[in-house]
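Generate the whole structure from the sequences, applying the supplied hints.
Residues 1 to 185 in UniProt numbering are what the sequence shown lists, from first letter to last.
Be aware that one or more of the hints could be misleading.
What the hints assert, rightly or not - Across the chosen pairs, the derived CB separations fall in these ranges:
(1) R15 <-> M153: 30 to 36 Å
(2) G181 <-> P108: 27 to 33 Å
(3) S4 <-> T130: 27 to 33 Å
(4) A112 <-> G185: 44 to 50 Å
(5) A84 <-> K34: 40 to 46 Å
(6) R173 <-> S4: 19 to 25 Å
(7) R49 <-> Q127: 28 to 34 Å
Hints were generated in silico from the structure; no laboratory data involved. Backbone N, C-alpha and C define an ideal beta-carbon position, used for all residues, glycine too.
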Amino acid sequence: MPRSLRADAQANHDRLLEVAARAFAEHGADASLKAIAAEAGVGIGTLYRRFPAREDLVEATYRNETDRLCASAPELLADRAPLAALRDWAEAFVDYMLTKQGMADALPAILAAREGLRAHSRDALGQAVTALLDAGTAAGQVREDAAPNDVLMALGGITLISGHENQRDLASRLITLFIEGIATG
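Structure, rendered in structure tokens:
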């Protein structure tokens, strides 16, 4: 079992991952580690103690962003109607994918080298979208034939189109069309 971190060390770890996600989304996987550490309010030594290699930081950021997105599904369902929760989750998914695209140069090698990482992400995302769709179907808000893999593929396509065009507002418009397409009535 991994040893838990002191509260201050955990806060530093969390800030590093939060800043790294923004930096990778904006500057790609080659973002300055020194700048990430500085923005997180820690020294470069702290970053390297937690993440000895750039790939370790990229992997941890990828895992953290995946887990954060997936954990948001039940939180959204607790606060919103299922269709609204699905829409908000889809918006967050696009942001997640744009961060992941920033790490695109580094991720293939990391996914190939780190056993189980790809399966972990695929399973976690599948479970999150399944929970959202099941709630929507049970509430009569989502078509029964809406399949989790289809939803993830559609959202991935929306991200590719809008990310390529560098138009986040386009993604929101396409998500609205998509959500209206899987909504009942």
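Handout entry: Contradicted hints - numbers only
Key = As far as the earlier hints go, only 6 is violated by this structure.
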